[in-house]
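Chemist: Protein chains in written order, with my numbering: chain A, 1 to 362; chain B, 1 to 362.
Warning: the hint list may mix true and false statements.
A pair holds if it fits inside one copy or across any two, identical chains being indistinguishable in the list.
[As the list claims (entries may be wrong)] Calculated cross-link-like contacts (lysine to aspartate or glutamate; reagent style DMTMM-like; alpha-carbon spacing at most 20 Å):
no., residue 1, residue 2
1, K352, D158
2, K352, E338
3, K256, D307
4, K32, D172
5, K352, E19
6, K256, E19
7, K58, D300
8, K256, D266
9, K256, E197
What the hints contain is simulated information worked out from the structure, not anything from laboratory work.
Protein chains: 2
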Amino acid sequence: MSAPTPPLTPAVDLAGTREAVDTCLTGFLDRKMRAAASEGMPTEAISVLRRFLTSGGKRLRPLLCVCGWCAAGGHGDTTTIVRAAASLEMFHAFALIHDDVMDRAATRRGAPTVHRRLAQHHREGRSMTAARHLGVSTAVLVGDLALAWSDELLPTVDLTSRQLGAVLPLIDVMRSEVMYGQYLDVTAAGHPTGDVEYALRIARYKTAKYTVERPLHIGAAMAGAPLAVREALSAFALPVGEAFQLRDDLLGVFGKPQITGKPSLDDLREGKHTVLVALALERATPSQRHILDALLGNPDLDDAGADRIRRVLTATGARAEAEHMIIIRRTQALRVLEAARLPPAATAALRKLTGAATARTS
Amino acid sequence: MSAPTPPLTPAVDLAGTREAVDTCLTGFLDRKMRAAASEGMPTEAISVLRRFLTSGGKRLRPLLCVCGWCAAGGHGDTTTIVRAAASLEMFHAFALIHDDVMDRAATRRGAPTVHRRLAQHHREGRSMTAARHLGVSTAVLVGDLALAWSDELLPTVDLTSRQLGAVLPLIDVMRSEVMYGQYLDVTAAGHPTGDVEYALRIARYKTAKYTVERPLHIGAAMAGAPLAVREALSAFALPVGEAFQLRDDLLGVFGKPQITGKPSLDDLREGKHTVLVALALERATPSQRHILDALLGNPDLDDAGADRIRRVLTATGARAEAEHMIIIRRTQALRVLEAARLPPAATAALRKLTGAATARTS
Chain A
1 MSAPTPPLTP
11 AVDLAGTREA
21 VDTCLTGFLD
31 RKMRAAASEG
41 MPTEAISVLR
51 RFLTSGGKRL
61 RPLLCVCGWC
71 AAGGHGDTTT
81 IVRAAASLEM
91 FHAFALIHDD
101 VMDRAATRRG
111 APTVHRRLAQ
121 HHREGRSMTA
131 ARHLGVSTAV
141 LVGDLALAWS
151 DELLPTVDLT
161 SRQLGAVLPL
171 IDVMRSEVMY
181 GQYLDVTAAG
191 HPTGDVEYAL
201 RIARYKTAKY
211 TVERPLHIGA
221 AMAGAPLAVR
231 EALSAFALPV
241 GEAFQLRDDL
251 LGVFGKPQIT
261 GKPSLDDLRE
271 GKHTVLVALA
281 LERATPSQRH
291 ILDALLGNPD
301 LDDAGADRIR
311 RVLTATGARA
321 EAEHMIIIRR
331 TQALRVLEAA
341 RLPPAATAAL
351 RKLTGAATAR
361 TS
Chain B
1 MSAPTPPLTP
11 AVDLAGTREA
21 VDTCLTGFLD
31 RKMRAAASEG
41 MPTEAISVLR
51 RFLTSGGKRL
61 RPLLCVCGWC
71 AAGGHGDTTT
81 IVRAAASLEM
91 FHAFALIHDD
101 VMDRAATRRG
111 APTVHRRLAQ
121 HHREGRSMTA
131 ARHLGVSTAV
141 LVGDLALAWS
151 DELLPTVDLT
161 SRQLGAVLPL
171 IDVMRSEVMY
181 GQYLDVTAAG
191 HPTGDVEYAL
201 RIARYKTAKY
211 TVERPLHIGA
221 AMAGAPLAVR
231 EALSAFALPV
241 GEAFQLRDDL
251 LGVFGKPQIT
261 GKPSLDDLRE
271 GKHTVLVALA
281 LERATPSQRH
291 ILDALLGNPD
301 LDDAGADRIR
311 RVLTATGARA
321 EAEHMIIIRR
331 TQALRVLEAA
341 RLPPAATAAL
351 RKLTGAATAR
361 TS
């Protein structure tokens with residue numbers, strides 16, 4: 001492989017983009033907060049969302065959106081593209097808040113999930129059951145607000161009708177894809193099988209398209225990308241996105257909770273139909289399969305049980321195969337990227353994000 | 001009061017509008033179904049949503065949207081306004097599906113609610129707890145899809161930038177208002193008080209603005225309504241909407257389940273902070289208050305307990321007062337309507353809808 005091409009145009013400022021997106025999000029929520037306070041509306045919902053959005057997160061989707069814009073020749077004033085990028089992050093807050101309800105997750109980014117925090121907040125004067133239910137109800141509403149507000153953040157009225165016609169259908173498709181992917185994910189949970197293809201389909205819709213391909217496409221469409229650029233971005237995005245999900249599966253089981261910010265039991269307790277688990281079930285001996293069938297999806301799984309599952313995931317070679325699949329996909333993505341002859345600044349930024357997305361520890 | 005003015009322009013075709021909206025919705029969902037089937041996506045989510053949307057509903061919001069359009073002088077080709085109206089009904093499906101999860105409602109429109117139906121559908125091979133949780137998760141996702149698709153139904157690309165600038169902010173405001181109103185509603189439930197003003201504030205945001213004012217405004221904005229028309233529509237809408245919610249409160253407690261399609265215990269079991277309940281708590285003697293405090297919000301409330309509550313609601317005069325408040329609001333709305341000098345067809349249709357919304361039995 002040739003040495004990285006030195007950038008000929010100014011580099012994509014990833015740290016600056018991140019900051020601009022965060023400023024856009026907090027400014028938006030602060031305006032919402034003032035308006036709600038003046039009308040006697042529940043500011044609690046907004047402060048919970050603000051805390052969630054500012055408590056971490058890789059901002060991968062906004063960064064990829066800006067990279068897609070650069071890849072298609074976007075340059076100059078970034079106000080409009082930053083708003084579109086911030087809208088994707090707001091949408092992602094919606095997706096995570098609802099996902100955590102569905103996965104009954106207690107912790108995210110090292111802190112209680114939104115439904116847990118709200119249950120705690122409303123505990124006084126209520127039974128535990130009533131408080132937990134209220135935590136779920138209000139978290140669903142906070143997620144709904146984030147979804148509605150992701151729309152409000154879109155710079156719809158500032159776009160030309162040509163841009164609108166290119167961008168809005170991609171936003172629509174992205175939303176349906178991630179919701180469908182999540183639907184496949186929750187209905188398959190509890191009954192994982194050795195069907196690796198099915199697990200890859202979930203990963204493709206829930207993650208590869210949603211997290212990588214569509215943010216790139218949306219950014220590119222803002223800059224009026226021709227079909228060839230969009231196709232090159234897809235060919236790069238899908239393997240990166242699958243590698244991202246494979247890394248997520250591995251971290252969800254073998255990651256250190258103090259680094260990932262989430263417990264390493266949740267995926268196993270929910271019995272998620274991940275590629276990692278499907279690979280193990282496909283290769284398991286009868287006695288290994290017996291262990292997996294008995295323990296995966298058990299809501300009372302303890303650390304000892306989780307260790308038994310981990311040993312089977314390792315012994316079957318599933319863990320090594322998942323790592324191998326990540327390398328294959330990363331290599332393929334980087335090869336596509338070099339061949340695509342995008343503006344060098346975009347190529348350099350995408351190379352960097354590929355590394356961050358697939359070799360991460362959190 | 002003078003006799004109804006005979007229409008000088010063709011009447012607003014309410015039945016035809018209803019049919020056109022339904023055709024738009026089912027056509028949209030059928031296209032989604034074909035696309036999902038061809039890509040291996042979960043068609044179950046779509047068929048559940050289609051069944052929900054076609055199993056009843058008054059279509060009040062779409063009809064009011066078209067009335068708002070006529071009120072502002074809209075006429076001729078109805079394709080675009082019907083799409084906007086259908087979008088409101090799709091949004092309403094989202095709101096109801098999520099509300100039923102939050103209210104733990106078992107029945108809606110005489111049939112199991114979406115989360116109950118989905119729990120039943122996924123019962124096999126799962127514990128009751130796991131199936132119920134999956135029912136909730138998938139219902140939240142079906143609601144999320146409906147919210148995303150309400151956006152997709154909006155005829156955004158067919159609107160002029162002037163129309164976009166008028167309509168989109170109203171859609172944004174409507175969404176936030178109903179979500180805020182719902183947030184107030186769920187956090188107040190279980191602890192109703194004699195604070196009638198607070199109950200009216202919930203009714204105003206959750207229902208009056210969402211169900212009546214904003215649909216009228218959105219339709220009017222599509223026809224480029226001047227401020228005066230929007231103000232007249234607000235002055236009409238808010239009392240009608242409050243009356244609508246008061247009727248809803250009464251039907252939720254005193255209605256016949258075989259006509260309303262929902263059980264008459266749910267609101268009482270949830271301990272909803274309605275105007276009806278607040279009026280009773282405000283007027284209750286110590287022994288009546290003791291009954292209400294002991295029984296409202298009790299998840300195990302039975303028919304005998306509900307009858308005891310009903311007797312207190314009647315004996316305190318709360319029921320009669322709620323009926324009286326409906327009459328006052330309806331009269332006020334009709335007076336505003338006569339004075340507004342809207343196109344006679346719009347006036348006639350709004351008069352008809354006012355009757356249907358406030359004197360209904362389901």
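Chemist: Next step is simple, just say for each hint if it's right about the structure.
Modeler: Hint check:
1. K352 x D158: The answer is neither: 31 Å in one copy and 40 Å across copies each exceed 20 Å.
2. K352 x E338: Within one copy only: 13 Å inside, 67 Å across.
3. K256 x D307: For K256 and D307, only the intra-copy Cα distance (13 Å) is at most 20 Å; the inter-copy one is 56 Å.
4. K32 x D172: between (25 Å within a copy, 12 Å between copies)
5. K352 x E19: Close inside one copy (18 Å), not across copies (54 Å); limit 20 Å.
6. K256 x E19: neither (28 Å within a copy, 57 Å between copies)
7. K58 x D300: Close neither inside one copy (31 Å) nor across copies (46 Å); limit 20 Å.
8. K256 x D266: Intra 13 Å, inter 45 Å, cutoff 20 Å: intra-copy only.
9. K256 x E197: Classified as neither: same-chain Cα gap 28 Å, cross-chain 51 Å, threshold 20 Å.
The structure does not agree with the numbered hints 1, 6, 7 and 9 stated previously, though it agrees with the rest.
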